[in-house]
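Each chain, letter by letter, is given below.
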Amino acid sequence: MTLTALTGATRGYSDPRLSPIVERLDDFVAADPDYSFQLCAYHAGELVLDAWGGPHLSADSLIVPFSVTKNTIGLSIGLLFQRGILNPDERVASYWPEFAAKGKQDITVRMLLSHQAGLPQAQPSLSWAEVFDDHLGATALARSRPLWHPGSAFGYHALTIGNLASELVFRASGRTLREFYEEELRAPLGIDFYLGLPPRLDERRVPVLPIIQPENEPPAAWSSPLTAVAMSMSGPPVDFANDEASWRFGHPSGSGIGSARALARLFAATVTGLEGAPPLFEVDTIDVLSQQQVHGYDEVLGQSDRAHSIVFQKPTKSMPFGGHRAFGHDGAAGAFACADPDAGLAFAYTVARGPWPGGADPRAIAIAAELGRTLNA
Amino acid sequence: MTLTALTGATRGYSDPRLSPIVERLDDFVAADPDYSFQLCAYHAGELVLDAWGGPHLSADSLIVPFSVTKNTIGLSIGLLFQRGILNPDERVASYWPEFAAKGKQDITVRMLLSHQAGLPQAQPSLSWAEVFDDHLGATALARSRPLWHPGSAFGYHALTIGNLASELVFRASGRTLREFYEEELRAPLGIDFYLGLPPRLDERRVPVLPIIQPENEPPAAWSSPLTAVAMSMSGPPVDFANDEASWRFGHPSGSGIGSARALARLFAATVTGLEGAPPLFEVDTIDVLSQQQVHGYDEVLGQSDRAHSIVFQKPTKSMPFGGHRAFGHDGAAGAFACADPDAGLAFAYTVARGPWPGGADPRAIAIAAELGRTLNA
Amino acid sequence: MTLTALTGATRGYSDPRLSPIVERLDDFVAADPDYSFQLCAYHAGELVLDAWGGPHLSADSLIVPFSVTKNTIGLSIGLLFQRGILNPDERVASYWPEFAAKGKQDITVRMLLSHQAGLPQAQPSLSWAEVFDDHLGATALARSRPLWHPGSAFGYHALTIGNLASELVFRASGRTLREFYEEELRAPLGIDFYLGLPPRLDERRVPVLPIIQPENEPPAAWSSPLTAVAMSMSGPPVDFANDEASWRFGHPSGSGIGSARALARLFAATVTGLEGAPPLFEVDTIDVLSQQQVHGYDEVLGQSDRAHSIVFQKPTKSMPFGGHRAFGHDGAAGAFACADPDAGLAFAYTVARGPWPGGADPRAIAIAAELGRTLNA
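Protein chains in written order, with the working numbering: chain L, 1 to 377; chain S, 378 to 754; chain U, 755 to 1131.
For reference, chain L alone in the conformation it holds in the complex:
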């Protein structure tokens, strides 16, 4: 398939079947001169859409997509499952004995990685220095009693899942999650998405612009007694997206940095196959990663109809990004990436200034689902 070079407000290349989607992107750019995005999709291992637009982002821009970074956790964990280094049904404490303290002895890898462990915050609260450390945050969490009885509920471990997953990977493999991702996925697959930006690439970095609350718009209705608890670390505030300390470290929960091209390519290489090569993951690894673990009310976000597989988000009525085997992860400022194995789709989207009130940009969710339908029609 030869892609067509785009000539409108949207720049890049597209499979001709996708012109209605490209026109929609043109409309988005026309409607808001500040709107800036990257959008990339592979179908059956071939690039079908590589588009960008707006004043803030080009094809090669690197931007922090917040929790879209968590896709690197999920894919690393998938590879560790496939290699038999981690077992989803094993108790976390069998890899990490100190984790057994304070009623956590029966928490499994599966529970920990689907936000069921009750550890969205340590007791007492973590400092930012502990969060941005390969072991200190995890050590404090291992000493804490869960805020809910493990397995009785789930709630988004917005920051702590990165510390917890990384320590688990370290105990099982001898490498932190950042090291494992770098050595086993990023470097060998040639992925332009980094957990820790190398200084030689600094000039390609684009800052995340703050979401603007519309005038007379109330704050988002959600939130729970735990929302602030999970996000409030002790010590001076940190700009997770834009402070150099954050993206230079590359926290697996949310301060990885890269392009939509890179994230779509990463999902293609692992899940759908890439440019004639079979996917890195076997069918059953994909089934394990796509199996829903929790669905319903999120104790931390205070929202209903949230669903996770191991690490990843699953499509729901309120976030219908794909078929029942699809999985992916959004970010607080609008970005989103996913794979849909039945549709043969790998998809990623970044945005420099996401729409109010945050979370996955609904425009991206709609396009991901439409790509799956259009390319399989």
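Simulated from the structure, these hints should not be mistaken for lab results. Hints may be right or wrong, so weigh each one.
[Unchecked claim] Quick list of in silico lysine-lysine cross-link-like pairs, DSS-like style, CA-CA up to 30 Å: (1) Lys479(S) to Lys317(L); (2) Lys694(S) to Lys102(L); (3) Lys479(S) to Lys1071(U); (4) Lys694(S) to Lys856(U); (5) Lys317(L) to Lys856(U); (6) Lys102(L) to Lys1071(U).
[Stated by the list, open to error] Examples of chain L residues toward chain U, derived with CB under 8 Å: (7) Asp34; (8) Gln123; (9) Ser125; (10) Trp148; (11) Pro225.
[To be verified] A short, non-exhaustive set of chain L residues, derived as facing chain U with CB atoms under 8 Å: (12) Ala59; (13) Ser61; (14) Leu147; (15) Val229; (16) Ser232; (17) Met233; (18) Gly302.
Model, not experiment: these values are computed from the prediction. Idealized CB from N, CA, C, for every residue including glycine.
Knowing the structure of chain L, use the given hints to seat chains S and U on it.
Structure of chains S and U alone, referenced to chain L:
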């Protein structure tokens, strides 16, 4: 109690205390010349209402009530529990070793039979030929990884629960569910409801008429990413209610065939006692069958406030058919049958063309509850 | 801190920082000449508010606060955990072998005490004589099959949790819950709240006045098929709050009697410390008691957004009485008491005639939360 012969639009016989209900049935018939029903109830083992009306159904008509057929699964399972042949807390794999594959080793009989196993569809999807086979569908399901982590959620296994339950019964008893039901319930109790219609009765069969979507009425708001997945088998479409291949086989999930009289008699004989004979089931068997196993959001139907005991549906706020020990099952085209042990009630209802948008006819749910109150006032 | 003597409609003493709250109480009294309350709060172990008002209650009045009494269960259980006499993860049957009957062998202490056991009523229903007996009610419950599969759901065991908890305490410690509370908490800490009112204090008792349903107000929308089942004991009706048989016995589920002063002092002595003495509970005991066990739909009350730790209620969006480590319990006629360890707050409130439709008086919930904010500003 001598029953009164009915003289209005509703035909049949009624306990005089039930004349308000009979008048209501007359009104239903008067309001819609197409409306056709059978309704039968026993109280304390005695027939109290045996009514029918409309152009399509007579007292002896045999009609496919879709998932009302699942009551035959639940009652067969109850008898297997009572005889000690099946144990609800045993792992399915202890009867059926192949079932342990792909993370299903810890699924119990209780979980499997209350829609918690995550197997509303096989991976890849079943063919209709596998569905209508005593073993092939079950074999494919045993090879599949659950769509959700078993026990983390529930979702209506609309078709597959019949294949799964039948194989489980076969492994435990040496007989398929259809054979067990025929030999242990239908034949000995003289029940005019069949899992597989004998050709000699073909002339009594009445087809199910399609539900009519009102003009300008949107589709039902429910449905989830899994609704279509659970109902979409590979191969040419099958009319589950009306194709001979379906009712001749008698799929335990939904293509049994018989009359409301038969279904009410079946519940009376097993749960409340019949014509002076004690019920087949002991009190504790009834408590086991009436114990709620799941309540809340159904992952497949995309509906809230759904509840199941083992196999059966339980009364909820949105489906208030009886007291807290009642159990039964509805069908996609309006039919419904249940028992309420505390009310001493056995109830069944069929309808030739159910009301939009499908599921238990609300008229039948209301009458079942009212019968319980009226007959115990 | 010297407290100011109050001079308005509200009588008592207050920390000057709390004058906005006192003014609000004055307004409540001015708006309704029948409104009568006691309200008491400790901060960091010191009395900060000791207020009362209205014609029916004085500072020393003793009143039945219905299920606010359950706080005595929770605090007694906490002490038994801390002393190693009870283990929350042990099976109930290991202390109480008869409890294992009818599928209850795997119910843990934690599950039983967070309303997950499916025993809001016995089968057949308890008599009031069994309810008001230290062992008979528990014996009947031990013989019963749970109404839902244990652990699959939760529902308020409005009355039976007292019988169940007391028998469990008796089996583990040799003392009924009433005896354990009297000997280990009430007497040594000098708490003016009684499980069984001593006759010498009878003259201080004030009856609970019935809640008045506003004209043209419909009944509360909640309720489920189990609401009536849980509250309907066999035999003549009992006025749980006002019949001497009830408050003389002092049922741990709801007929203890005392003052708001006493309940606030009890929470201060155990959770936040009192007048310079450290709290009776270690930090981890508090974490165990504050850990959420269940959250969501209550099968008995038919309400969503209910949450419990072990015995206690937890703050939710719909009942926001404190921070994420707070716990307490309300009563059917408006009373409420809680502790918030992070805020250093111990709080109690009684009311002679609570507002329609019952449950915690929203005025008290709002004041509890505001006290925590104001005193830590």
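Q.
Hints numbered earlier in the text: which of these fail when held up against the supplied structure?
A. 2, 3, 5, 7, 9, 12, 13, 16 and 17
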